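Construct all of the structure, not just a fragment, from the sequences and the given hints.
In case you want the letters, here they are:
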Amino acid sequence: MSLDVVSRPPADVPQGGTVAPEARADDVLAAARGASWPGASAEKHFLRYGMMPHMLCPGCGHGIVLDAMLRALARRYETLDDVAFVAGIGCSSRVVGYVDACTLHTTHGRPLTFATGLKLARPDLEVVVVTGDGDGLSIGGNHLIHAARRNIDLTCVLFNNEIYGMTGGQLAPTTIPGAYTSTSPKGNHEQPFDAARLVEAAGGTFVARAQSFRTRDFEEIFLRALEHKGFSFVEVMTDCTEYFGRTNRLGNGADLLFSQARADVAIEADLAGRPTLQEVPARPVRPVMEMGVLHESRRQTLEEAMGLVEAGS
Amino acid sequence: MTRVNGSNGKVPARTPPARLESGNLVVVGVGGQGVILASNLVSQVLLDAGYDVKKSEVHGMSQRGGTVVSHVRFGPEVHSVMVEPGSADWIVAFEWEEGLRSLSYLKPNGVALVSTERRIPPAAMLDHRDQSLEYPALGEVPFGVLALDTFAVAGDAAAAVPAVAQTVLLGALSVLLPFPVEAWQASINAWVPRKALTGNLRAFERGRALAPEVRAAEAAARTVARTVEPGPEVVPSASASPVEHDGAKRSRDGVAERLLPVVRIERSWCKGCDICVAMCPEKCLVLDELDVAVFARPERCTGCQLCALLCPDLAMDVLWVPADDLTGWLFANEEDRVRAAADPR
Numbered sequence: 001m002s003l004d005v006v007s008r009p010p011a012d013v014p015q016g017g018t019v020a021p022e023a024r025a026d027d028v029l030a031a032a033r034g035a036s037w038p039g040a041s042a043e044k045h046f047l048r049y050g051m052m053p054h055m056l057c058p059g060c061g062h063g064i065v066l067d068a069m070l071r072a073l074a075r076r077y078e079t080l081d082d083v084a085f086v087a088g089i090g091c092s093s094r095v096v097g098y099v100d101a102c103t104l105h106t107t108h109g110r111p112l113t114f115a116t117g118l119k120l121a122r123p124d125l126e127v128v129v130v131t132g133d134g135d136g137l138s139i140g141g142n143h144l145i146h147a148a149r150r151n152i153d154l155t156c157v158l159f160n161n162e163i164y165g166m167t168g169g170q171l172a173p174t175t176i177p178g179a180y181t182s183t184s185p186k187g188n189h190e191q192p193f194d195a196a197r198l199v200e201a202a203g204g205t206f207v208a209r210a211q212s213f214r215t216r217d218f219e220e221i222f223l224r225a226l227e228h229k230g231f232s233f234v235e236v237m238t239d240c241t242e243y244f245g246r247t248n249r250l251g252n253g254a255d256l257l258f259s260q261a262r263a264d265v266a267i268e269a270d271l272a273g274r275p276t277l278q279e280v281p282a283r284p285v286r287p288v289m290e291m292g293v294l295h296e297s298r299r300q301t302l303e304e305a306m307g308l309v310e311a312g313s
Numbered sequence: 314m315t316r317v318n319g320s321n322g323k324v325p326a327r328t329p330p331a332r333l334e335s336g337n338l339v340v341v342g343v344g345g346q347g348v349i350l351a352s353n354l355v356s357q358v359l360l361d362a363g364y365d366v367k368k369s370e371v372h373g374m375s376q377r378g379g380t381v382v383s384h385v386r387f388g389p390e391v392h393s394v395m396v397e398p399g400s401a402d403w404i405v406a407f408e409w410e411e412g413l414r415s416l417s418y419l420k421p422n423g424v425a426l427v428s429t430e431r432r433i434p435p436a437a438m439l440d441h442r443d444q445s446l447e448y449p450a451l452g453e454v455p456f457g458v459l460a461l462d463t464f465a466v467a468g469d470a471a472a473a474v475p476a477v478a479q480t481v482l483l484g485a486l487s488v489l490l491p492f493p494v495e496a497w498q499a500s501i502n503a504w505v506p507r508k509a510l511t512g513n514l515r516a517f518e519r520g521r522a523l524a525p526e527v528r529a530a531e532a533a534a535r536t537v538a539r540t541v542e543p544g545p546e547v548v549p550s551a552s553a554s555p556v557e558h559d560g561a562k563r564s565r566d567g568v569a570e571r572l573l574p575v576v577r578i579e580r581s582w583c584k585g586c587d588i589c590v591a592m593c594p595e596k597c598l599v600l601d602e603l604d605v606a607v608f609a610r611p612e613r614c615t616g617c618q619l620c621a622l623l624c625p626d627l628a629m630d631v632l633w634v635p636a637d638d639l640t641g642w643l644f645a646n647e648e649d650r651v652r653a654a655a656d657p658r
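One line per chain: the protein sequences are A and B, in this order.
Numbering of the first sequence is given in the working numbering, commencing with residue 1 and proceeding in unit increments.
Numbering of the second sequence is given in the working numbering, commencing with residue 314 and proceeding in unit increments.
Simulated from the structure, these hints should not be mistaken for laboratory data.
Nothing here was measured: the structure is a model prediction, and the numbers come from that model.
Some clues are possibly wrong.
[As the list claims (entries may be wrong)] Listed next, the stretches of chain B that the computed footprint assigns to chain A, with coverage defined by at least 3 CB atoms under 8 Å from CB atoms of chain A: (1) 359 to 371; (2) 584 to 597.
[As the list claims (entries may be wrong)] Below, a sample of chain B positions facing chain A; criterion: calculated Cβ distance under 10 Å: (3) Gln376; (4) Asn502; (5) Ala503; (6) Glu518; (7) Glu612; (8) Asp630; (9) Val631; (10) Leu632.
[As the list claims (entries may be wrong)] Where chain B lies over chain A, by a calculated footprint (3+ residues, C-beta under 8 Å): (11) 47 to 54; (12) 103 to 109.
Every residue, glycine too, gets a C-beta built ideally from N, C-alpha and C.
Written out as structure tokens, the structure reads:
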């Protein structure tokens, strides 16, 4: 007898697949290297195909940023053998696990220190540091300003989703005033960091801010950051759908993306509609942030000062 | 581990019904299905009936859609919180695969109430067999397993809050436990959020109305070990035949070889976040019943790439393919398209 199923059996799910069982060994190898499907765009070949699909939540902006970074790298490099990704801890830092480059997943807040050592040992490597707002600004805030001060030739991308996503939606140093998080149930009373201006003040020579929604703009900015000699810092605004979006009732991933496009008006309006709390001095207002390249200058990098690379190259 | 009752070592206030001295229940499912809530709810009923109840749960991976297991043990006095394998009187499984996985906990004459809902974890897609997963065959199952399509049973009760459908299983479980329906309703009242209360009560009623089927499963469980054919398996459906597409309306001027845009979607990577569906200016994309994006209206696609650029799962590519080859390129998505057209969301 067959199993008793009340009402109807589970829906048939069609079989299908990218790699057929009889696929030749080199096909399998190609698939493992990232050739995911015929005609896949160039950046897909930089993925560790065996690691996909990634662990990010549905609608998470980090995936969009990862895609844009890979697109920029595909315009500059044929392979990522001479590119090193260094990441700390957090949702943002997990994305390096999906990139088929030299990757280093380090301790919380310390990707820039590991990257500094890596860059000094191997000045020929293109070192990209992927960090988040909690990782790079909170526990790793000091490392960030000192990396900027030293002007070491790194490219640091800070994924700013305004919350601690991986650990359960706690208040981050970038959470906007009035926003609700799991550790600010009455709304945030604190002022957020302006990460880009912080790095500029600390001595970073390329400082930019971008959005995950304007993904082509971010791609261009990231490409310029890669080409820049000196400490390049790109803050990219992404959306946490599960903790920031849901706790503040801002909708799903698509709604959050659209809210970026509307210069944060939607978020202000939505947060302003919440029940008034006397303790919160000002209504939550996400500052309308300047986007694009905010600062660019040229001064001696640490490697040049140490004689590891030729000056002025 | 969560202890529900603080009466360790004390004599319960009321004597439990003589009919059921003690019991072990295992509730399993995946994150977000309400496994913990359901086991709290059952525990409340048992506590109100005067039992000593201990409950423990494993929910570490729940936020990533991972497994959630809750053990509920009750009796005059309970010492250990864990149900030993082979000693559960009842299993309530909110998810098909988790149900099969947990069958080892069941007594030879125990009853398992298993929802046919399937939540395929991302890790299981690593073999890249689009959305399909070979569930283990049941083989020889010496106990009563009742599979319930909870969504179909719950019907409109689960229309507002889908998770409510699983309450059907509690309704079915209530048939096997000697407690009045009022006790269950009181427990639901106490534990369920207001917005889902009506739906839960109705879904519970519908589950309880399945008493004949549940009794039959219970009776089957009491018979000696019997051979059961393998349970419902994933059957490969016949390949859909390529459909002719007229690309004449989409010719691009000045291009010698006419190229047409095709959105290629890696179904096993898509998490159904809805961004591409919301962003597509021509509304070419829809989500199917598995919450996977499908290229439903290829004739409207302009190849703007918004979907591919904004896909957080990197699951999309826009390819420009020769018009002559279009059917071949669309073939990969054809099955999806047909399915989506039949059931647009």
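Now the hints, each set against the structure:
Counting residues of the region 359 to 371 of chain B whose beta carbon lies closer than 8 Å to any beta carbon of chain A gives 0, which falls below the threshold of three, so the coverage claim is violated. Requiring three or more residues with a Cβ within less than 8 Å of a Cβ of chain A, the coverage given for the region 584 to 597 of chain B holds, as 8 such residues are present. The criterion of a C-beta within 10 Å of any C-beta in chain A is met by Gln376/B, whose closest approach is roughly 8 Å, and the hint holds. The interface hint given for Asn502/B is broken, as the beta carbon of that residue sits about 26 Å from the closest beta carbon of chain A, more than 10 Å.
Interface restraint check for Ala503/B: the shortest CB-CB distance to chain A comes to about 23 Å, outside 10 Å, so the restraint is violated. The closest approach between the C-beta of Glu518/B and any C-beta of chain A is roughly 15 Å, which is over the 10 Å cut-off, so the hint fails. Because the beta carbon of Glu612/B sits about 20 Å from the nearest beta carbon in chain A, more than 10 Å, this interface hint is broken. A cut of 10 Å between beta carbons decides the hint on Asp630/B: the least distance to chain A is about 5 Å, and the hint holds.
For the restraint placing Val631/B at the interface with chain A, the shortest Cβ-Cβ distance is roughly 8 Å, inside the 10 Å limit, so the hint holds. With a least beta-carbon distance of about 4 Å to chain A, the hint placing Leu632/B at the interface is held under the 10 Å criterion. Here's how the region 47 to 54 of chain A fares: 5 of its residues keep a CB closer than 8 Å to some CB of chain B, so the rule of at least three is met and the hint holds. Residues of the region 103 to 109 of chain A lying with their CB closer than 8 Å to a CB of chain B number 0, which falls below the three-residue condition for coverage.
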